[in-house]
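Number of protein chains: 2
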Amino acid sequence: MPTFADPKIDGARVIADLTTLRRMGAFKTGVHKPTLSPPHVQSLEWLAEALPGAGLTPTIDGIANVLGVSSKNGPKLLAGSHLESQNEAGWLDGPLGVIYALEAARVINTNPDFAGAVEVAAWCDEEGHFGNFLGSASYVGDIKDAELDKATDRTDGRRLRDALAAAGYGGRPRVVVEKGRHIGYLEAHIEQGDWLEANALQIGVVRSIVAIWQFKIVIDGMQNHAGTTRMAIRRDAGLAAVKLLADIDQQFPKAIGPRSVWTTGRITLEPGAPSIIPGRAEILFQFRDDDPVVLDRLEALLREIAAKHAKAGPCPIDVIKLRGSTPARMDERFQAAFENAAKVHAGGRSVRMPSGAGHDAQVLAAVIPAGMLFVPSIGGISHHWTENTSDADIIAGAQVFASACAALLAGVG
Amino acid sequence: MPTFADPKIDGARVIADLTTLRRMGAFKTGVHKPTLSPPHVQSLEWLAEALPGAGLTPTIDGIANVLGVSSKNGPKLLAGSHLESQNEAGWLDGPLGVIYALEAARVINTNPDFAGAVEVAAWCDEEGHFGNFLGSASYVGDIKDAELDKATDRTDGRRLRDALAAAGYGGRPRVVVEKGRHIGYLEAHIEQGDWLEANALQIGVVRSIVAIWQFKIVIDGMQNHAGTTRMAIRRDAGLAAVKLLADIDQQFPKAIGPRSVWTTGRITLEPGAPSIIPGRAEILFQFRDDDPVVLDRLEALLREIAAKHAKAGPCPIDVIKLRGSTPARMDERFQAAFENAAKVHAGGRSVRMPSGAGHDAQVLAAVIPAGMLFVPSIGGISHHWTENTSDADIIAGAQVFASACAALLAGVG
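Protein chains in written order, with our numbering: chain A, 1018 to 1430; chain B, 1018 to 1430.
The shape of chain A in the complex, shown without the other chains:
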């Protein structure tokens, strides 16, 4: 591989920045920082104030995206993640990627030894308090004002427009992607699983972000008295749900790919009383994979199992697809850049892997090349305030990220 100037990040500064953000909305050892809550707004303003130190001009736009723009000549990479959190969740989910981008910008943008610049973004509401990737979707031009007018917080019902106005961002224009400006988008994130830790690896190079196929399965039974209705004549929607899900658990392993996952998140029986045979069952079921062939195969199997159970009776079963995204492939050159940097700065302890969770990178990948880097999650814990990553892994990840940025801007790799 050709040589290029390799930037040296400041590990202590990365940890200090993350710790500063952790104090805003602290909850136990994590944070409670819902979208546009005071600690989230405080975090956005902190980032905007930090961007000039990385040679970037800050903007907070009308959807509360923070964007740092460089006037440096040469190619430009866009990099970032998000600053809000799930309710009562971890300190690194989001901020890690923003601070990696900020640190890469600091070491690259203000140093004439390095070609081009890293521009920094913090996308608003990746965690979906008000919608679905609202900030990054707005940036790629996928959000209409009417959609924002209707959006409300899923926890407390607050209107997004009111929350934006209260933060001081009401009425501002929304910044959209400038075609051809960036060679691509890079995002770092905690893995949120235990694959890296279990295999003593330090860097995950994301090859794709899985698609989530979400289904509502509705089973119609006949509500009746749980004491007087003989077993033989019952049409128990709850029992039909149990048999269906037990069968899926048996059948799915035959059709999955090596990293497929499937989950029943909710079972609702109506009316849900101890002495009434359920007249209706509703199941929320999803599976995820990054291979379209596997996704199609699993949907076909789900429908086949449901049809078999409905035919056997006594309850009709309806399988309704709620969501069927496509997997987002990460750019091959970006994967190689992360891998090469991991050889130098992480002893080659990296692996290519799918991302089982959704990220803003999948939204950006629709308009520009995108790449993602993972660092290990201790115990695989995620979306919980105990979420953590060792300082050593955080610092190694920041170095790999900055090195890969510099290599890509230099046209190396």
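Read the hints as simulated data drawn from the structure, not as lab findings. There's no promise every hint is true.
Quick list of in silico lysine to aspartate or glutamate cross-link-like pairs, EDC-like style, CA-CA up to 20 Å [unchecked claim]:
# : chain 1 : residue 1 : chain 2 : residue 2
1 : A       : Lys-1260  : B       : Glu-1349
2 : B       : Lys-1325  : A       : Asp-1266
3 : A       : Lys-1325  : B       : Asp-1266
These numbers were taken from a predicted model, which means no experiment stands behind them.
Given the coordinates of chain A, work out where chain B should sit on it, guided by the hints.
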């Protein structure tokens, strides 16, 4: 069998009385008559006004039980049921037994050809809006004032004391059973199942009221991200619940009695979100039988299955018994009296059977001999506004009920 004067009921009057009660709180073809709602209070007052026509002195006491007392010499039977309904439910569940008692009292009490008298009761809140058989339990001395002070309506939270005061019954004494006054208690009810209809029978002679054993099954898992957590390391409480319930469905038929029923009324997965692996599952599970040996066997099997699943892992399972009543045996002589009357007035188309539902008769059975008679439910439908029984079956049942009362009062059978 020895002869006795057989009373002749007025079928048209029975239908007319039931129709009058149906108009109070009418809902579609049924009624919506929660405990102490205006239509329920109107029904209680209507009954109190009707009792003198049956030679009875009416009282509505401090728990809104309506009681009709006779001053006629000779033995006395207590008979009745309840006048409130489940929400948006049927017109016969309760009123049928009250009107049968009223009609038997009319034809027996005022006629010197018949020995003794039928005293009529309408027990308040059999349907459990405020508690558990509050009216009949009060009558047998099982309710303390402090319990009534705390009781609230499970639908709207209204305090029982406020509801009693609003109806005009606040501060009244509660009437309790006078030891030795009655030779026993009789109650008629719709079957609420389809056994009589399916077998072309007209009268069900209840041999016992089943016990309900209710359990809460709690499964502890580990809440985690549904995208990033590999299948192999999951501790999915929802999946554990599904497997447990599917196994119960397989195993229970080996241990049941001929009329056992078992029901899962509710499954709650926490947090219940589409993309989160459930960290906790709670199941409401019950079984019913009238044989204590079968009940014990089913509980042992339930605990054995749960222990097996807990041991296989990955989730601990806790089986908590919420309710474990004993079956209530109906008096053998009362069963024979119903059966004999059915020979004369229902062409012998009767069967002895357990009651799968709870009734006030089980509360009275703890202090005096008790008997119950069922009439067919069309389609086995119950606790629904479409609940119904043919006029012919209603009238035949009233005749069998009155004849059995007369025979028992005459000391025949």
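For each hint, the structure was consulted:
{"no.": "1", "hint": "A:Lys-1260 / B:Glu-1349", "result": "violated, 42 Å"}
{"no.": "2", "hint": "B:Lys-1325 / A:Asp-1266", "result": "holds, 18 Å"}
{"no.": "3", "hint": "A:Lys-1325 / B:Asp-1266", "result": "holds, 18 Å"}
When each numbered hint is compared with the structure, a violation occurs for hint 1 only.
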